[in-house]
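These are the residues of each chain, in order.
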Amino acid sequence: MNFPLPSLVAVSAANPWTYVLFGLIGFAFGFTLEMSGFGDSRKLAAQFYFTELTVLKVMFTAIVVAMVLTFGAVGLGYLDYSQVWVNPTYLWSGIIGGLIMGVGFIVGGFCPTTSLASASTGKIDGMMFMLGGFIGAFLFGETEQYFTNWYNNAGYYGRVTLDQVFGIPLGAVVLLVVLMALFMFWGSEQLERIFGKKDLSKEPKIRVVGASVLFVMALAVFLIGNPSLEEKYNKLTFTRTETIPQENADPIVNTHVYTANDMLSNRLVFITPAEAFKAKYNQIMNPIYLDVRSEADYNLYHIDDAINVPLERVTEIVPMLITEPPANSVFVVMSNDEAAAVQAWKILVASGVSNSYILEGGVNNWIAFFGKEDESLKVEVNPNAGDDQLKYVFPVALGNRYKSCSPNPVEYEELEFEAKIQLQLKRDKSGGGCG
Amino acid sequence: MTTQTRKSIFTRPEKPYVHPYFGGAVLGVVLFLALLLTGNGLGSSGATSRIDALIVDVISPSHVDNNPYLLKMAGGDKNPLDDWIVPVFFGALFGGFSSGFFNGRLKFMTTKGPNISDRTRWLMAFLGGVVFLYGARMARGCTSGQALTGGTTLAAGSWLVMFAIFGGAYGLAYFVRKFWN
Numbered sequence: 001m002n003f004p005l006p007s008l009v010a011v012s013a014a015n016p017w018t019y020v021l022f023g024l025i026g027f028a029f030g031f032t033l034e035m036s037g038f039g040d041s042r043k044l045a046a047q048f049y050f051t052e053l054t055v056l057k058v059m060f061t062a063i064v065v066a067m068v069l070t071f072g073a074v075g076l077g078y079l080d081y082s083q084v085w086v087n088p089t090y091l092w093s094g095i096i097g098g099l100i101m102g103v104g105f106i107v108g109g110f111c112p113t114t115s116l117a118s119a120s121t122g123k124i125d126g127m128m129f130m131l132g133g134f135i136g137a138f139l140f141g142e143t144e145q146y147f148t149n150w151y152n153n154a155g156y157y158g159r160v161t162l163d164q165v166f167g168i169p170l171g172a173v174v175l176l177v178v179l180m181a182l183f184m185f186w187g188s189e190q191l192e193r194i195f196g197k198k199d200l201s202k203e204p205k206i207r208v209v210g211a212s213v214l215f216v217m218a219l220a221v222f223l224i225g226n227p228s229l230e231e232k233y234n235k236l237t238f239t240r241t242e243t244i245p246q247e248n249a250d251p252i253v254n255t256h257v258y259t260a261n262d263m264l265s266n267r268l269v270f271i272t273p274a275e276a277f278k279a280k281y282n283q284i285m286n287p288i289y290l291d292v293r294s295e296a297d298y299n300l301y302h303i304d305d306a307i308n309v310p311l312e313r314v315t316e317i318v319p320m321l322i323t324e325p326p327a328n329s330v331f332v333v334m335s336n337d338e339a340a341a342v343q344a345w346k347i348l349v350a351s352g353v354s355n356s357y358i359l360e361g362g363v364n365n366w367i368a369f370f371g372k373e374d375e376s377l378k379v380e381v382n383p384n385a386g387d388d389q390l391k392y393v394f395p396v397a398l399g400n401r402y403k404s405c406s407p408n409p410v411e412y413e414e415l416e417f418e419a420k421i422q423l424q425l426k427r428d429k430s431g432g433g434c435g
Numbered sequence: 001m002t003t004q005t006r007k008s009i010f011t012r013p014e015k016p017y018v019h020p021y022f023g024g025a026v027l028g029v030v031l032f033l034a035l036l037l038t039g040n041g042l043g044s045s046g047a048t049s050r051i052d053a054l055i056v057d058v059i060s061p062s063h064v065d066n067n068p069y070l071l072k073m074a075g076g077d078k079n080p081l082d083d084w085i086v087p088v089f090f091g092a093l094f095g096g097f098s099s100g101f102f103n104g105r106l107k108f109m110t111t112k113g114p115n116i117s118d119r120t121r122w123l124m125a126f127l128g129g130v131v132f133l134y135g136a137r138m139a140r141g142c143t144s145g146q147a148l149t150g151g152t153t154l155a156a157g158s159w160l161v162m163f164a165i166f167g168g169a170y171g172l173a174y175f176v177r178k179f180w181n
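Chains A and B supply the protein sequences, listed in that same order.
My numbering puts the first sequence at residues 1 to 435.
My numbering puts the second sequence at residues 1 to 181.
With the rest of the complex left out, here is chain B:
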C-alpha cells in the first residue's frame, strides 16, 4: 500500500483497472437494476442528438420546424432534454470522472497507438466520433442502447446490430492497423 498523501487530484496513486469479468458483472447488475426499476436499459447516443436538437432549437427554432427528425424531439413546446437518456448521459460523465478521481486516473493525456502523433490521433478520434454517432442514430442506438441493452432483453434486431458493429470494426481493423500497433 502506498502511503503517499494527496497533493492534488492529479497525483492520487494510480490504481490498476479491475478484472474484465468483475467489471462486466458489476455492469450487468447495474443494467439489470435499470431494467427492473424503470423498464429502460442503458444508453447514451440518444442524448447526443437531443443536446444537438436543443442547440438547433435555440439558434434557429424555424429550422426545427422544417426538419421532421428534430421535430419529434424539439418541436413546439417540447423540451428535447426531457427524456430518461439525458440524465443517464450526464450521470455517465460524472460517474466516469468519479472513477477516474478515486483511482488516480485523472490526467490530461492522449491514448493512442505508439506510431502516430497526438494530432493524427485527435483527428482520427474526431472523425471516428462523427462516423460512429451517424451510424448510431441510423441504427437507433449504439453499443449501449442496442448491443448491451437489446442484447440483454433478447431483441432480435439488437443482436444483428451488435454483429454488424463487430463486423464493421474487424473488417476495417487490418487497414488502420498502423493507428494502433
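Chain A with its partners taken away, still in its complex shape:
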C-alpha cells in the first residue's frame, strides 16, 4: 500500500469521510495538548524563564517521534516523501513572522492551538487570546497588500529540506536531530534543576529507556537509508480510465491499473506532436516542455517554450517540478527520438512528478510533422543519424526561430489525435500546510 492515500490528501465534499478523518486528527491534537498542560499559560510562559521546560520537551519529543516514524516509513518504501507536504521556504517572511510570533507568545502566553485547548476548558485568558487571534489574522489579510511582493518573493526557495541544505542523506539528518533533541532534553532538565529547583531524582527512570529506543530507531532509519529511484519506480502504479461511448446509453468507463513499464510498453505515455501542441491551447492544463537533449542540439532546433534540461541534470530540477508549477501542469519530455526521453520520464515518475508524458518520436517526429509546411526550415536528412540523434542537418543554430517551432494555432486548428493525457490533480498546492 502506498501512503499517503490519494483520496485523503485534501478534504472534499465528494468524500465526506475526509472531514471526519481531519476532525479526528484535530481531536487527538487538542486532546494531547490539553493533557500535557498547554491549557495553562503559566506552563507555557515558564519555558522562557527556565523554570519549567515543558514546551520544549513536548514539542521536541513530538517532532523526533514523528520524524523517526515518518522517515522509517519513507525508508521502507511505504510513504512517498514527495507527496508529503513540506512547507516551502520563504526566508524573510518566515523569520520576521517568527519573531513577531515570539512576541505574541511571551505577551499572550499561548500559541494558536494551545489557546484552543485553553479556551475550550474555560480559561478566560485562552478565550481572549483566540479572540485577539481572529483580529490579528484579519489585520494581516487587510495589510498584506502593502507588502505583497516582499511577502511572496523575498527569500523564496520552494521545497528545501535540511538534507539538501547540508548535503547529507535524510537518515543522517534524522539521526542528528534525534541526538540534538536528547541533548536538549538533558540540558532542559539541568536548567529545571537550577532555575526551577526541581528534584530530578523523582523523574521516572523509564525516560532513559524511551531515549534509548528513540536512538536505536533513529539509527535504524539511518541504516535503512532511502529507497532508490529504481525501487520507487518498480512500485509505481498508474490508474487510467477508458471511456467507451455507447449508443443510447451512458458511456462505459473502465478503470485499469498499470505498472510504469506497462505504461511504456502500451505506449500510454507517448503523446503525438499534435497532442503536445494542442495542450498549449487547452484551458484545463498547463504544459511544460522539457527538452532533455544536449545544449548543442537544443540550440540547433527546439520547440518554442521548451526548457533545456540535459538528461544528467534532470534529478536536480525534480524538487522544483514537485512544488513550483501549478497542480494542473503536464510535463512533456522530449529527446531527438525517444531513448533519452524515456530515461528522463523514468526519473520523473519515480521521483513523484505527476502528469509526465513523452513526445512520441521526439523532436525528429515534431519536425517531420510540423516542418512539412515550414519554408523557413531548409534542412537535409542526415542518412547517418544514429538512434536518438537529430535526423536533420542544420546549417545554423537558430534555436526556436523557425516557424515550425511555434506552429500557428489558427493554421493547425483542426488536428486529429488520440488523446493520451489524463490530468491527475493529486494535491491542491494552496491547500497544503497552514496556508
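By construction, these hints were calculated from the structure, which means they are not laboratory data.
On a predicted model such as this, the values are computed, not experimentally measured, just so you know.
Take these hints with a grain of salt, some might be off.
What the hints assert, rightly or not - Now the in silico label distances, taken between C-beta atoms and shown as ranges: (1) Gly187/A x Ile116/B: 28 to 34 Å; (2) Pro325/A x Leu71/B: 19 to 25 Å; (3) Gln424/A x Asn79/B: 21 to 27 Å; (4) Gly158/A x Lys72/B: 17 to 23 Å; (5) Val58/B x Ser228/A: 49 to 55 Å; (6) Asn79/B x Gly158/A: 25 to 31 Å; (7) Pro204/A x Val58/B: 16 to 22 Å; (8) Pro169/A x Gly171/B: 30 to 36 Å; (9) Gln424/A x Leu71/B: 23 to 29 Å.
Said to hold, decoys possible - Quick list of in silico lysine-lysine cross-link-like pairs, DSS-like style, CA-CA up to 25 Å: (10) Lys280/A x Lys403/A; (11) Lys205/A x Lys15/B; (12) Lys280/A x Lys346/A; (13) Lys378/A x Lys202/A; (14) Lys15/B x Lys197/A; (15) Lys197/A x Lys280/A; (16) Lys378/A x Lys403/A; (17) Lys15/B x Lys202/A; (18) Lys198/A x Lys78/B; (19) Lys15/B x Lys78/B; (20) Lys232/A x Lys346/A; (21) Lys232/A x Lys420/A; (22) Lys178/B x Lys198/A; (23) Lys420/A x Lys235/A; (24) Lys372/A x Lys403/A; (25) Lys197/A x Lys178/B; (26) Lys278/A x Lys420/A; (27) Lys278/A x Lys372/A.
Said to hold, decoys possible - If you want the ones that stay clear, here's a sample from chain B, every Cβ over 12 Å from chain A, calculated: (28) Pro13; (29) Gly46; (30) Pro61; (31) Ser62.
For glycine and all other residues, C-beta sits at the position ideal for the given N, C-alpha and C.
Start from chain A and add chain B according to the hints.
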C-alpha cells in the same frame, strides 16, 4: 483513588497533567498518522484566517473581491471553510474540551502570573493573540503548522521559523517578566 461521585462536569476530580515526554510521544504518533494518511500535518492558524474570510465574505462580499489575500480563500464561489485545516481546528477545540472534561479541568478561570490582575492578563492575552496570529499568517503557519509539522518533515524554512519564534520570545521575556513571575 477518589471515590467521589460526579455532581457536575465541573466537580470531576482534577487529575494531574501527563509527563511531558509521554504527552510529546503521543502527539508525535498523532502527527505521524496525519502525515502518513493524508500527507498533511497539523495546524490551526490557517483556520483562523479562513473563518475571518468567511465573516468578511458574509458581511461584505465586494471587500473580498478587492483583496487578493482574501480572494484566494473566499473569491467567487469558493467556500473558505473548504480546507483540511478547518475540521482540524474544530476537532482540536473539541479534543481540548474532552481532555479537560475527562481530567476534571473544566473550570472558568484565568491562568496568569501571581503579580498581575485578571483584567491586565485578559488584555495581554488579547494583544498577544493579535500579534501572534499576525506573525503566524506572515510566516505561513504557527507553532503547529511550521515548527511542529515542518520541523518533522525537515523543511528548512520551518526550522528557521521555529528558531525565530523561540528567539523572539526569549528576547522579550526579560522585559515582561512581571506578567509571569
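Hints that the structure is at odds with (numbers, increasing): 7, 13, 15, 18, 19 and 29
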